[in-house]
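Protein chains: 2
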Amino acid sequence: MIKANNPQLKSWIPTKADSDFPIQNLPFGIFKNGDDHTGAASAIGDFVIDLKTLYDLGYFDGLSLPKEVFSKNTLNEFIGLGKETTRKVRERLSDLLEVSNTELQHNEAVRSSVFIPMDQVQMLLPVHIGDYTDFYSSEQHAYNVGCMFRDPDNALMPNWKHIPVGYHGRASSIAVSGTDFHRPKGQTIAPDAQAPAFGPTKRLDFELEMGFITGKANPLGASIPVAEADEYIFGFVLFNDWSARDVQKWEYVPLGPFLAKNFFSSVSPWIVTMDALEPFQVPGPVQDPQVLPYLELPDRKNFDVNLKVFIQPEGSEEKQVSHSNFKHMYWNVNQQLAHHTANGCNINVGDLYASGTISGPTPEAYGSMLELAWMGTKPIPMPDGTERKFIHDGDTVIMRGYAEKDGVRIGFGEVRNKVLPTL
Amino acid sequence: MIKANNPQLKSWIPTKADSDFPIQNLPFGIFKNGDDHTGAASAIGDFVIDLKTLYDLGYFDGLSLPKEVFSKNTLNEFIGLGKETTRKVRERLSDLLEVSNTELQHNEAVRSSVFIPMDQVQMLLPVHIGDYTDFYSSEQHAYNVGCMFRDPDNALMPNWKHIPVGYHGRASSIAVSGTDFHRPKGQTIAPDAQAPAFGPTKRLDFELEMGFITGKANPLGASIPVAEADEYIFGFVLFNDWSARDVQKWEYVPLGPFLAKNFFSSVSPWIVTMDALEPFQVPGPVQDPQVLPYLELPDRKNFDVNLKVFIQPEGSEEKQVSHSNFKHMYWNVNQQLAHHTANGCNINVGDLYASGTISGPTPEAYGSMLELAWMGTKPIPMPDGTERKFIHDGDTVIMRGYAEKDGVRIGFGEVRNKVLPTL
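Protein chains in written order, with full-length UniProt numbering: chain A, 1 to 423; chain B, 1 to 423.
Wrong hints could be hidden among the right ones.
Calculated lysine-lysine pairs in the PhoX-like style (CA-CA distance at most 25 Å, straight line) [stated by the list, open to error]:
{"#": "1", "chain 1": "B", "residue 1": "Lys418", "chain 2": "A", "residue 2": "Lys161"}
{"#": "2", "chain 1": "A", "residue 1": "Lys72", "chain 2": "B", "residue 2": "Lys378"}
{"#": "3", "chain 1": "A", "residue 1": "Lys161", "chain 2": "B", "residue 2": "Lys202"}
{"#": "4", "chain 1": "B", "residue 1": "Lys202", "chain 2": "B", "residue 2": "Lys249"}
{"#": "5", "chain 1": "A", "residue 1": "Lys249", "chain 2": "B", "residue 2": "Lys249"}
{"#": "6", "chain 1": "A", "residue 1": "Lys418", "chain 2": "A", "residue 2": "Lys389"}
{"#": "7", "chain 1": "A", "residue 1": "Lys418", "chain 2": "A", "residue 2": "Lys249"}
{"#": "8", "chain 1": "B", "residue 1": "Lys3", "chain 2": "B", "residue 2": "Lys301"}
{"#": "9", "chain 1": "B", "residue 1": "Lys67", "chain 2": "B", "residue 2": "Lys16"}
{"#": "10", "chain 1": "A", "residue 1": "Lys319", "chain 2": "A", "residue 2": "Lys16"}
{"#": "11", "chain 1": "A", "residue 1": "Lys72", "chain 2": "B", "residue 2": "Lys72"}
{"#": "12", "chain 1": "A", "residue 1": "Lys249", "chain 2": "B", "residue 2": "Lys161"}
{"#": "13", "chain 1": "B", "residue 1": "Lys67", "chain 2": "B", "residue 2": "Lys88"}
{"#": "14", "chain 1": "A", "residue 1": "Lys67", "chain 2": "B", "residue 2": "Lys378"}
{"#": "15", "chain 1": "A", "residue 1": "Lys3", "chain 2": "A", "residue 2": "Lys32"}
{"#": "16", "chain 1": "A", "residue 1": "Lys3", "chain 2": "A", "residue 2": "Lys52"}
{"#": "17", "chain 1": "A", "residue 1": "Lys202", "chain 2": "B", "residue 2": "Lys161"}
{"#": "18", "chain 1": "B", "residue 1": "Lys52", "chain 2": "B", "residue 2": "Lys216"}
{"#": "19", "chain 1": "B", "residue 1": "Lys301", "chain 2": "B", "residue 2": "Lys378"}
{"#": "20", "chain 1": "A", "residue 1": "Lys418", "chain 2": "A", "residue 2": "Lys405"}
{"#": "21", "chain 1": "B", "residue 1": "Lys378", "chain 2": "B", "residue 2": "Lys405"}
{"#": "22", "chain 1": "A", "residue 1": "Lys10", "chain 2": "A", "residue 2": "Lys67"}
What the hints contain is simulated information worked out from the structure, not anything from laboratory work.
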């Protein structure tokens, strides 16, 4: 067991039972506290932990960290140090916070400068994203979409169970939780129309996804073996792959989604390390037909992470509309990364890979409005008496995620965005 | 007329009549001269012009350029200064090189440090590419592919004449001319097979494209009007969108090309400014049906740029296999950029946008082996007695481009890559 994951660990900083950030989590992010203080942080309970200040005070002495590594406005340099080093930082944080350790606990002056209440800071995008890839790895989602647009007997494409299907997305328009955006415009075509029209999308949707971020690069031409992919994956975030379904339908044949997706995507601010999720590994689904050898992972694993989606209409309360789980992936992250690089494609530190919509096997576990309201045929009632087929202006969509076991809850916080009217 | 484009200009540096780099061109690139000297350059005749040294010697005084702007290993900061400034630099270079100007001409000591023979330096990737988009804007190419995979009566998709179809590609695997690469592996399926196999692609192909690079960003949520797109486009390069056709065929439905493309793409090292190409604007094709208002450009323009592809088998001579032209684009670059941002997608300085394969109306003007050898049915003879349906190991593929008018030739140099055997 990774020492920092021990369920028995207690911190001298009190954390509530339902906190996303107990001592066993210790995720990494970038925070801004006022105009002139931006840097790397971890989290415990309701506090961010200012890593720059801890570094300056010498609490990381002996870990051979580069100067200023926590003073940047992204985590790229830090996570690029490699897992051996980032793991030591997480372990050191765990030690400092552990109830029997007095180094920080008994230093009141330092504590107030290192622990800052979360509600006083702004969280920023945690990494500079070089390239962003979106996979399509939930069988239920692919099946649902196939049923809608083709038929249940041929719902999955012939390649789907052989290839972790994916495509490249837009990195520039990925923003952090809390960023609002305007309803996008685009070309759409009415069912019986001869020509398309241009205007605000009428079918704005979310997609419930998880994303992983790589912390290690491979050179162009070299492939990452499926069993070694762990070494390249630093951690995970929640991901909302906002989509305009009517735009997508008209544009996506033959080269895939483009303007239907690239107007905006969003991530949760905290990167939960792959290490912290290690206790929540569960077996993946049986893969039949057998996958090709370069995708074979004897120790195949998924992660048991509860995922929930809420819609909050303007001026109303939030309502849970989905409860899915990351364990429902057909293709796991090792397979995704092995496939991505099987042709020699190079990856970089800070690249982001999203799972594709994660739909569970039952209707309440579907991961998009397209599926939850089944193409508009099953509208979802809201607390204010309205109903939703897709997302309205003024709606806030919130995704939350957490793993839970042995009394330990490893949470992701949330990714939250409000939809503003078209500009 | 832009002053630096005047066909009457002569330089005191002799340039051959067929040089790509007369005084009217003055492109920008990044060069490396030995281990410790990397920086921005322009070109004239057979020389690179060391802009860092010119700057340090005070030749750009009065242009208010930031310190060290020419000392970087990319042009991003320079082109991000905006067209007003980059235009002044090109004009200043034009003045310095003009035959009646004696500032540099009569300073032998300085001349030898500023002008370096091209064959002594290495050219690097000119920009850090944030996001890369590939369009699909040549009607003949889309028609040819449609004929092969569907039928001539329904060759173009219903959306093709309404949308400048495009998709996101991989930025990390774009390299500069001169970079060799290994034949990629991938999943393919034989015509009668039940399951796919994994191995080296048997259908490695080039795609003859042009790319443009943006020099100005727009904020997320804001669109670039079609008539203003010029302001955002700094210049052009040659682009080879290397493709594995057998991988592409198996993977691309429904989300588009992924591993069939992202193993490697290549660009020519010199960015020819949009300003330098201004004299070569020609009317675009008639667009019927009429495009939607956000794509209407009353002064629609293409660029008359000759494009040629050569194959050089290992140990043999090169053979020209294609002669196309950038003027054959159905959708122009203004329309591409207006469409790309119509939904509020943000672009950044240094982003790259490729045209898609540029196939002219006659078979010798097709821009890929898929089309030139028509799916392998019309093999192309090589100088060494072999023939080509697709690209073999050991082959070097070279693309060259130039515009020519009034005795002035504005060239792009070349993009050249050799295919090495699978690793």
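Verification of the hints:
{"no.": "1", "hint": "B:Lys418 x A:Lys161", "verdict": "violated, 34 Å"}
{"no.": "2", "hint": "A:Lys72 x B:Lys378", "verdict": "violated, 57 Å"}
{"no.": "3", "hint": "A:Lys161 x B:Lys202", "verdict": "holds, 23 Å"}
{"no.": "4", "hint": "B:Lys202 x B:Lys249", "verdict": "holds, 12 Å"}
{"no.": "5", "hint": "A:Lys249 x B:Lys249", "verdict": "holds, 21 Å"}
{"no.": "6", "hint": "A:Lys418 x A:Lys389", "verdict": "holds, 17 Å"}
{"no.": "7", "hint": "A:Lys418 x A:Lys249", "verdict": "holds, 24 Å"}
{"no.": "8", "hint": "B:Lys3 x B:Lys301", "verdict": "holds, 21 Å"}
{"no.": "9", "hint": "B:Lys67 x B:Lys16", "verdict": "violated, 34 Å"}
{"no.": "10", "hint": "A:Lys319 x A:Lys16", "verdict": "holds, 23 Å"}
{"no.": "11", "hint": "A:Lys72 x B:Lys72", "verdict": "holds, 20 Å"}
{"no.": "12", "hint": "A:Lys249 x B:Lys161", "verdict": "holds, 16 Å"}
{"no.": "13", "hint": "B:Lys67 x B:Lys88", "verdict": "holds, 16 Å"}
{"no.": "14", "hint": "A:Lys67 x B:Lys378", "verdict": "violated, 61 Å"}
{"no.": "15", "hint": "A:Lys3 x A:Lys32", "verdict": "violated, 30 Å"}
{"no.": "16", "hint": "A:Lys3 x A:Lys52", "verdict": "holds, 24 Å"}
{"no.": "17", "hint": "A:Lys202 x B:Lys161", "verdict": "holds, 23 Å"}
{"no.": "18", "hint": "B:Lys52 x B:Lys216", "verdict": "holds, 23 Å"}
{"no.": "19", "hint": "B:Lys301 x B:Lys378", "verdict": "violated, 34 Å"}
{"no.": "20", "hint": "A:Lys418 x A:Lys405", "verdict": "violated, 32 Å"}
{"no.": "21", "hint": "B:Lys378 x B:Lys405", "verdict": "violated, 34 Å"}
{"no.": "22", "hint": "A:Lys10 x A:Lys67", "verdict": "violated, 30 Å"}
Comparing the model with each earlier hint shows violations of hints 1, 2, 9, 14, 15, 19, 20, 21, 22; every other hint is respected.
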